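**Student:** As a plain string of letters, each chain reads:
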Amino acid sequence: MISQRALVALMVLAAGVAVMVVSYFLLAAPWGFPPEAEDFSNPRLPFAPLIFIVGVMMAFAAAIVYELWPERRRG
Amino acid sequence: MSGRAITLPYGVGRITPGWLALVGAAAALVGLGAFAYAQQEIHGHIVTGLRDWGSMGGAPWGLYVSFIVYFVGVSFAGITVAAFIRLLRLDYLRPISRAAEILTIVSLILAAFSVLADLGQPWRGIVNLFRYARPQSPFFGTFTMVIAGYLFASLVYFYLAGRRDAYLMAQHDSPLRWFYRMWAAGYRDTPQERERHQRTSFWLALGIIPLLIIAHSTLGLVFGLMGGRPGWFSALQAPGFVVLAGISGIGHIVVIAALLRWALGTPERPAMAAFRWLGLALLVLGLIYVYFTLVEMMTTGYAGREHEQELAKLILTSYYAPYFWVGMGTLAVAIGLLAVQALSGRWSIPLLVVSGVLVNVTAVAKRLIIVVPSLTHGSLLPYGTGMYIPTWVEGSIIAGLMGLGALMILLFMKIFPIMEVPEPSGAEEVRG
Numbered sequence: 027m028i029s030q031r032a033l034v035a036l037m038v039l040a041a042g043v044a045v046m047v048v049s050y051f052l053l054a055a056p057w058g059f060p061p062e063a064e065d066f067s068n069p070r071l072p073f074a075p076l077i078f079i080v081g082v083m084m085a086f087a088a089a090i091v092y093e094l095w096p097e098r099r100r101g
Numbered sequence: 023m024s025g026r027a028i029t030l031p032y033g034v035g036r037i038t039p040g041w042l043a044l045v046g047a048a049a050a051l052v053g054l055g056a057f058a059y060a061q062q063e064i065h066g067h068i069v070t071g072l073r074d075w076g077s078m079g080g081a082p083w084g085l086y087v088s089f090i091v092y093f094v095g096v097s098f099a100g101i102t103v104a105a106f107i108r109l110l111r112l113d114y115l116r117p118i119s120r121a122a123e124i125l126t127i128v129s130l131i132l133a134a135f136s137v138l139a140d141l142g143q144p145w146r147g148i149v150n151l152f153r154y155a156r157p158q159s160p161f162f163g164t165f166t167m168v169i170a171g172y173l174f175a176s177l178v179y180f181y182l183a184g185r186r187d188a189y190l191m192a193q194h195d196s197p198l199r200w201f202y203r204m205w206a207a208g209y210r211d212t213p214q215e216r217e218r219h220q221r222t223s224f225w226l227a228l229g230i231i232p233l234l235i236i237a238h239s240t241l242g243l244v245f246g247l248m249g250g251r252p253g254w255f256s257a258l259q260a261p262g263f264v265v266l267a268g269i270s271g272i273g274h275i276v277v278i279a280a281l282l283r284w285a286l287g288t289p290e291r292p293a294m295a296a297f298r299w300l301g302l303a304l305l306v307l308g309l310i311y312v313y314f315t316l317v318e319m320m321t322t323g324y325a326g327r328e329h330e331q332e333l334a335k336l337i338l339t340s341y342y343a344p345y346f347w348v349g350m351g352t353l354a355v356a357i358g359l360l361a362v363q364a365l366s367g368r369w370s371i372p373l374l375v376v377s378g379v380l381v382n383v384t385a386v387a388k389r390l391i392i393v394v395p396s397l398t399h400g401s402l403l404p405y406g407t408g409m410y411i412p413t414w415v416e417g418s419i420i421a422g423l424m425g426l427g428a429l430m431i432l433l434f435m436k437i438f439p440i441m442e443v444p445e446p447s448g449a450e451e452v453r454g
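Protein chains in written order, with our numbering: chain C, 27 to 101; chain X, 23 to 454.
Quick caveat, the hints were computed from the structure, so don't treat them as lab data.
The model shown is predicted, which means the values in this text are computed figures rather than measured ones.
The beta-carbon is built from N, C-alpha and C at its ideal position, and this holds for glycine as well.
Just so you know, not all the hints are guaranteed correct.
Said to hold, decoys possible - Quick look at which bits of chain X chain C covers, simulated, 3 or more residues with Cβ under 8 Å: (1) 93 to 107; (2) 148 to 155; (3) 172 to 178; (4) 224 to 237.
What the hints assert, rightly or not - Cβ pair distances, simulated, as ranges: (5) X:W200 x C:S67: 47 to 57 Å; (6) C:A44 x X:L403: 39 to 49 Å; (7) X:S77 x C:A41: 46 to 56 Å; (8) C:A41 x X:R153: 19 to 29 Å; (9) C:N68 x X:W414: 39 to 49 Å; (10) X:Y324 x C:A32: 55 to 65 Å.
All chains, please: the whole structure from these sequences, using the hints.
**Tutor:** See the structure below:
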């Protein structure tokens, strides 16, 4: 059975990946041709690239969560 | 545990005249770099040798961009070696693990500063990069994912790997006890915690290695995807960047490992097996890079279009030939030294250090050859050729960054053990 610690870490990892996917495919500049066209150059949401980086950081921060998550107190 | 005033391991907290002299020299370089950067900020990039290509007959990328690539390259081997130690259980490399991790972090910080030095308006550059960059772009991959994502991943790895030593350091009286406690964050070095850390570091290493390959390939693609710039457009740029990154980084690690072995008279210092592994890795990567260079030069020189052939001639026999031949010559000497040692089975640390220094000369020369000639002589438009000569401002800023890197490592060595502390029977047993 999966521990609470692992579950929380996996949730942080999944959230990081989700933030990366959403920012890359839905918030950043869309893929299209010609790539230099204005519609395909500007992000759909300003600072979408920063959100992508936050996603990368969240994914790696899952390791910190896994190690630092407090032990469950035994009664 | 009682707090006793004892000697902390590996010279932590012990200020020696030699250390002070090194710090003074590094600080002087930082001061010189800061002065030069102030000149650049006051007068603009006119005080550098950088000019626009084409109508201004120059190169907008020069020493700064060459050193961005160089510093990012050096960072590659540090965290790669640290990750391989965990993944492949290379225990004899464990003493250099932390030095390799800190090398990665320091190099990435220096790369970020090199980006700032290259920008005419740094603040505008930072904001606009995060605001408008396209994640599909190699520039985004290089300047944000590498420096943000890769640096953060390395910091996470470094932080978690250091918790056990922070816990051990917190057992003893020192002015930094609060810092060690904060770093340990409740760690008690129980078997469960050790097992958990093994598991985390394994998965973290497994995640970092693909990120490294992507990051360094992306850096190569900044150049390799430029179809309109002879000399850059090549399928070998990305793998070539990865291999040269490994070469320069391992060269640095060899030098740092030798310094640790010389400075720390402890039984845990880096063993000859570690140097042998580093030497063999350097030899293999060096040979691969020679192969890449030969293929590249033969392709562009023999079958390339007119502009590419001219550029190849310029690099091999004309204006940029000294840089190219110094780079290849130092690599050849380093490979020769390493091959003799590998074939005889007798490894010498001084010869390995010489090889480590030589391959870094290669790396700097090759970065300049990759960045500059295509800008001054690689235009497809009807402009004349240009030239680029770095000024004292650029040289001083790069020297200042080198000093900053040395300063960060020197200061770190006095607040935290540069090597992992052995089994927790007490820090007094492992004093340096």
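**Student:** So which of the earlier hints does this model not fit?
**Tutor:** Failing hint: just 1.
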